[in-house]
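Numbered by the UniProt record's numbering, the letters in the sequence shown go through residues 1 to 118 in order.
I should point out that these hints are in silico values taken from the structure, not numbers from a laboratory. Misleading hints may appear alongside valid ones.
[Said to hold, decoys possible] Just the calculated beta-carbon pair ranges, DEER-fashion:
#, residue 1, residue 2, range
1, Arg43, Pro66, 38 to 44 Å
2, Pro24, Ala49, 17 to 23 Å
3, Met1, Ser112, 16 to 22 Å
The beta-carbon is built from N, C-alpha and C at its ideal position, and this holds for glycine as well.
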Amino acid sequence: MSLEEDLVAALRTQCPRVFPKTAPYDTPTPYVVWQHVGGESIRFLDNSAPSTRHADIQITAWATTPKAALDLLRGIEDTLCASTALQASPRAEPSAAYDDGDELTGALQTFSVWGART
């Protein structure tokens, strides 16, 4: 599987509703969104690509209370760091996230993730 497929599989162990970038309107909480926010592009001296890729992935957990969002994100952090399919580590502690359009609160965190290129 690819880095993204392994990531989604890991996230779904903590929450069944996982979406890239944004969730559809009226998605029930809790839910998780993720997106690429950079990463280190790796090439060997002969310009060939390694079998793994690096990505910085921002993950946002949305819930009805700040505590519920943070608890979900903490579970995600533990799951990603324990994953055997990915090598993941948090870049920083979580930050608060708010959606001005409704009353959801969230917690977001960026992870350094190494995973399969395929």
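Each hint tested on the structure:
no.: 1; hint: Arg43 x Pro66: 38 to 44 Å; result: holds, 42 Å
no.: 2; hint: Pro24 x Ala49: 17 to 23 Å; result: violated, 34 Å
no.: 3; hint: Met1 x Ser112: 16 to 22 Å; result: holds, 19 Å
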